[in-house]
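Residue numbers for the sequence shown follow our numbering, beginning at 1 and rising by one.
In case anyone wonders, no lab produced these hints; they're calculated from the structure. Take the hints with a grain of salt, since some may be wrong.
Claimed, not checked - Simulated restraints, written as ranges between beta carbons of each label pair: (1) 27 to 127: 36 to 42 Å; (2) 180 to 124: 43 to 49 Å; (3) 106 to 182: 15 to 21 Å; (4) 133 to 224: 20 to 26 Å.
A quick note: this is a predicted structure, and the numbers were derived from the prediction, not measured. Every residue, glycine too, gets a C-beta built ideally from N, C-alpha and C.
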Amino acid sequence: MTTPPTVLGARRPRRWLPALALTVISLFTVAPLLAVVVLALSPEGAPTLPHAIPHSLTLENITRIFEVGAFPRWLFNSLVYSVVSVVVILLTASMAAYALVRKRFPGRNALLWAIVATLMVPMQATLIPTFVLVARMDAVNTLWGLVTPTLANAQAVFLIRQFVRDLPDELFDAARIDGAGEWRIFVRIVLPLIRPVLATLAIFVFLWHWNDLLWPLIVGQTDEARTLTVGLATLKTETVSTAGIMSAALVSFVPCFVIFVALQRHIVAGVTSSGVKG
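Input sequences plus hints: build the corresponding full structure.
Structural data, given as structure tokens:
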């Protein structure tokens, strides 16, 4: 039996091509971050990018940026804004999702669709009414005025609801037979089982609030009420060197990197379990 000529003439697939393509794409992706790191750690006045590669690196720019303006206060405001929002949004959204799935009450479906409908309203359309309410409560230039309007997250409610809906009914029936109340079922059964989606949402909610510019810019009108993102934008108008601005940007990147490294394994788990039906 002779081998078909098409098989004899076929070439082996070049398996190194995908790896090379991914390597090139990775270099283009990481290059801006590496440039920020080099510029932030370059000595003041020394030749650096894009004209030359510095011969030495120093942490003086990072320590010096904490003395510029109200930078420590900006960092504190951003941490409060992001961390409090993550905790409250995950708690309230998971409780709402549990009630929408496991509790029977009139108007449940209408309430769900009303929550989903809010996702179609652009945030810019609600800025003026929200600011008027915050101003009437005398909450402008305050932390609670910054945080409170962002604590209701319809997207988090909808995503967590999809996970709670897929939990087997036998778990809840067995818990009720054992005498567990609703709060105990929610804490001991629901929260551990939806941990992947909670961790994924924690990353996204933290990044969204940490990088938010529009609402903090509107509600924080004094230097002490600004967040780190707004503060970085104002550094360009001050006598701050490029190395100082890059140092501030590097400091603002660290919390995002830490929370992503700590919770990134749950992203894959969350995506995988969302496509598996029990």
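query: Checking against the hints above, which ones are violated?
result: Per hint list: zero violations.
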